[in-house]
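The lines below spell out each chain.
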Amino acid sequence: MSSLLKLSQVEAYIQQFHILHDIDFEVPKGEVTVLLGRNGAGKTTTLRTIMGLNPVSNGSVVYKDEDISNLKPHLIANKGIGYVPEDQGVFEDLTVGENLRVAMKREDQETTERLEWILDLFPDLKKFWKKPGGQLSGGQKQMLAIARAYVNENDLLLIDEPSKGLAPIVVEKVMETILQMKEKTTILLVEQNFLMASKIGDRFYIIDDGQTVHNGLMGELKEDKALMKKYLGVS
Amino acid sequence: MDLIASLTVNGLATGMLIFLLAAGLTLIFGLMSVLNFAHGGLFIWGAYTGVWIYYVTNSFLLAIIVAIITGLVLGLITERLIIKPVYGNHIQQILITLGFMLVLQELIKVVFGPDVKAVSPPAWLEGSFQLGDVTLIKYRLFIIVIGFLLFFTIYLILKKTRIGLIVRAGVMNREMVQTLGINIRFVFMAVFMVGAALAALSGVLHAPYSGVIYAEMGLEFSILAFIVVVIGGMGSFTGSLFAAILVGLAQAFMAYYVPALSLAVNMLIMTVVLIFRPQGLFKVKG
Ligand SMILES: Nc1ncnc2c1ncn2[C@@H]1O[C@H](COP(=O)(O)OP(=O)(O)OP(=O)(O)O)[C@@H](O)[C@H]1O
Ligand SMILES: [Mg+2]
Numbered sequence: 001m002s003s004l005l006k007l008s009q010v011e012a013y014i015q016q017f018h019i020l021h022d023i024d025f026e027v028p029k030g031e032v033t034v035l036l037g038r039n040g041a042g043k044t045t046t047l048r049t050i051m052g053l054n055p056v057s058n059g060s061v062v063y064k065d066e067d068i069s070n071l072k073p074h075l076i077a078n079k080g081i082g083y084v085p086e087d088q089g090v091f092e093d094l095t096v097g098e099n100l101r102v103a104m105k106r107e108d109q110e111t112t113e114r115l116e117w118i119l120d121l122f123p124d125l126k127k128f129w130k131k132p133g134g135q136l137s138g139g140q141k142q143m144l145a146i147a148r149a150y151v152n153e154n155d156l157l158l159i160d161e162p163s164k165g166l167a168p169i170v171v172e173k174v175m176e177t178i179l180q181m182k183e184k185t186t187i188l189l190v191e192q193n194f195l196m197a198s199k200i201g202d203r204f205y206i207i208d209d210g211q212t213v214h215n216g217l218m219g220e221l222k223e224d225k226a227l228m229k230k231y232l233g234v235s
Numbered sequence: 001m002d003l004i005a006s007l008t009v010n011g012l013a014t015g016m017l018i019f020l021l022a023a024g025l026t027l028i029f030g031l032m033s034v035l036n037f038a039h040g041g042l043f044i045w046g047a048y049t050g051v052w053i054y055y056v057t058n059s060f061l062l063a064i065i066v067a068i069i070t071g072l073v074l075g076l077i078t079e080r081l082i083i084k085p086v087y088g089n090h091i092q093q094i095l096i097t098l099g100f101m102l103v104l105q106e107l108i109k110v111v112f113g114p115d116v117k118a119v120s121p122p123a124w125l126e127g128s129f130q131l132g133d134v135t136l137i138k139y140r141l142f143i144i145v146i147g148f149l150l151f152f153t154i155y156l157i158l159k160k161t162r163i164g165l166i167v168r169a170g171v172m173n174r175e176m177v178q179t180l181g182i183n184i185r186f187v188f189m190a191v192f193m194v195g196a197a198l199a200a201l202s203g204v205l206h207a208p209y210s211g212v213i214y215a216e217m218g219l220e221f222s223i224l225a226f227i228v229v230v231i232g233g234m235g236s237f238t239g240s241l242f243a244a245i246l247v248g249l250a251q252a253f254m255a256y257y258v259p260a261l262s263l264a265v266n267m268l269i270m271t272v273v274l275i276f277r278p279q280g281l282f283k284v285k286g
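Chains A and B, in that order, are what the protein sequence lines are.
Using our numbering, you'd call the opening residue of the first sequence number 1 and step up by one each time.
Using our numbering, you'd call the opening residue of the second sequence number 1 and step up by one each time.
By construction, these hints were calculated from the structure, which means they are not laboratory data.
Incorrect hints may appear among the rest.
Said to hold, decoys possible - Derived list of chain A stretches under chain B, where covered just means 3 residues or more per stretch with a C-beta under 8 Å from a C-beta of chain B:
#: 1; stretch: 68–75
#: 2; stretch: 85–96
Unchecked claim - Keeping only pairs whose Cα atoms sit at most 30 Å apart, straight-line, the calculated BS3-like set for lysine-lysine is:
#: 3; chain 1: A; residue 1: Lys-184; chain 2: A; residue 2: Lys-173
#: 4; chain 1: A; residue 1: Lys-131; chain 2: A; residue 2: Lys-29
#: 5; chain 1: A; residue 1: Lys-126; chain 2: B; residue 2: Lys-160
#: 6; chain 1: A; residue 1: Lys-72; chain 2: B; residue 2: Lys-160
#: 7; chain 1: A; residue 1: Lys-199; chain 2: A; residue 2: Lys-184
#: 8; chain 1: A; residue 1: Lys-229; chain 2: A; residue 2: Lys-199
#: 9; chain 1: B; residue 1: Lys-117; chain 2: A; residue 2: Lys-130
#: 10; chain 1: A; residue 1: Lys-130; chain 2: B; residue 2: Lys-138
#: 11; chain 1: A; residue 1: Lys-72; chain 2: A; residue 2: Lys-184
#: 12; chain 1: A; residue 1: Lys-6; chain 2: A; residue 2: Lys-199
#: 13; chain 1: A; residue 1: Lys-79; chain 2: B; residue 2: Lys-160
#: 14; chain 1: A; residue 1: Lys-131; chain 2: B; residue 2: Lys-117
#: 15; chain 1: A; residue 1: Lys-126; chain 2: B; residue 2: Lys-138
As the list claims (entries may be wrong) - Just a few of them, taken from the derived set where beta-carbon distance is under 7 Å, the chain B residues facing chain A:
#: 16; residue: Arg-162
#: 17; residue: Leu-165
#: 18; residue: Asn-173
#: 19; residue: Gly-181
Every residue, glycine too, gets a C-beta built ideally from N, C-alpha and C.
Take these sequences, add in the hints, and give me the full structure.
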């Protein structure tokens, strides 16, 4: 198993609060790895810490055999990591097209093809090309955020709870898209929606109180009712 | 007819000078939402360092280059020390930049002395052309040309590159822009430095036009720049060009026909514009 990203004994603080105590996991290339855990467990903080938005106080974050812990966020991004934050981070006053243009490092053939590919999956974005990001629906914002992370040639996408606050039919749509993107890129997904997680995930890690406490293949988790109940509150 | 033409050329030249002054301010306000009342301080520092070099070397070109460098350096210092801690907070920006404006103004007196300095255009820009009945003063034409060149250059950069979008996105969500691989700190710093360099450039170009420079010009021109930015539509780059030309022409014609009103004309235009178009002449896009 060759892993694209590997976190070892990562600890992190937010201000004086010790939030991540011991995060250990690997993201194998070409797979979807899912981070599970109850609210406040530290999933978002983990993604932010990988992205460099939150300092690593101990341990290491290794991406493609290079320790990227505590690099500046833009340098981490430029190593080929795309990020879809929990709140989507859409630039509200910029149009859909402008949101995408800000992200596009190049405007070559390849980027254009990637853009077209993702726009075909999200025709709404084409339809509302000139609409300000702030006026999109929750689902459309999510699509825009995903498209924006995808449009550059990234080898790893970090996606934080894409189903959050979306109607079931929209969740379905987002899920299908991530399944399609899986063919092209490696994904680290935070997802509370268990159905979605189990449909697209290959491997899971459970985070509880800032620690990775369990991991395995997604298929195994579905069978382990006791585990799900203990850490995820699913019965 | 020749009178109208002369007044128009005068007005255009004044307008272009005002545009150069306001361009930097409108850029940093429109893109980064920073209210910089120290703008006039950068203007006089450009004027004084440029004129000093001009006195010493007798080269106006060198004076322009030195003024631009002064603007870049002071812009860097201002952004790092003064603006960086107050991004996003207009009240703090006004207070701290106004304070810094006064510091810059007093420092001029310390470094260059408190007295008014006389400046005249370089020999190659002195004198005038005769076009039929109309006398065209060379230095004014020079200002008009420089003004339009700068306008189109900056306009094209804003239009054709994603730099403007990046800066606006950075103001809205700094973290997100960084995670798209953009060094937003560097971009902000660069935009601020360009704005400061434009202020300094307008200072040195203004010197031979007005014939004199003095430290108190700093605050006067800070206020004038703000009036133009407000008329133009708070941060609209094209708007600031039109507003500056409008103010320039109004000043020229008023000075001739209604001299009593010529000092109040800026405020008058601003008031009228704000009554009928509170958003300014041009709406800022997006
Ligand atoms: N800015 C902050 N200041 C202090 N504590 C914070 C801050 N942000 C997050 N935390 C705390 O850090 C812990 C982990 O938060 P995080 O957002 O990573 O959880 P999460 O697993 O993503 O939860 P959710 O499922 O609700 O999104 C929580 O206890 C939270 O209260
Ligand atoms: Mg979260």
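Hint by hint, here is what the structure shows:
| no. | hint | verdict |
| --- | --- | --- |
| 1 | 68–75 | holds (count 3) |
| 2 | 85–96 | holds (count 7) |
| 3 | Lys-184/A x Lys-173/A | holds, 18 Å |
| 4 | Lys-131/A x Lys-29/A | violated, 36 Å |
| 5 | Lys-126/A x Lys-160/B | holds, 21 Å |
| 6 | Lys-72/A x Lys-160/B | holds, 28 Å |
| 7 | Lys-199/A x Lys-184/A | holds, 17 Å |
| 8 | Lys-229/A x Lys-199/A | holds, 19 Å |
| 9 | Lys-117/B x Lys-130/A | violated, 53 Å |
| 10 | Lys-130/A x Lys-138/B | violated, 46 Å |
| 11 | Lys-72/A x Lys-184/A | holds, 26 Å |
| 12 | Lys-6/A x Lys-199/A | holds, 23 Å |
| 13 | Lys-79/A x Lys-160/B | holds, 26 Å |
| 14 | Lys-131/A x Lys-117/B | violated, 54 Å |
| 15 | Lys-126/A x Lys-138/B | violated, 53 Å |
| 16 | Arg-162 | holds, 6 Å |
| 17 | Leu-165 | holds, 5 Å |
| 18 | Asn-173 | holds, 6 Å |
| 19 | Gly-181 | holds, 4 Å |
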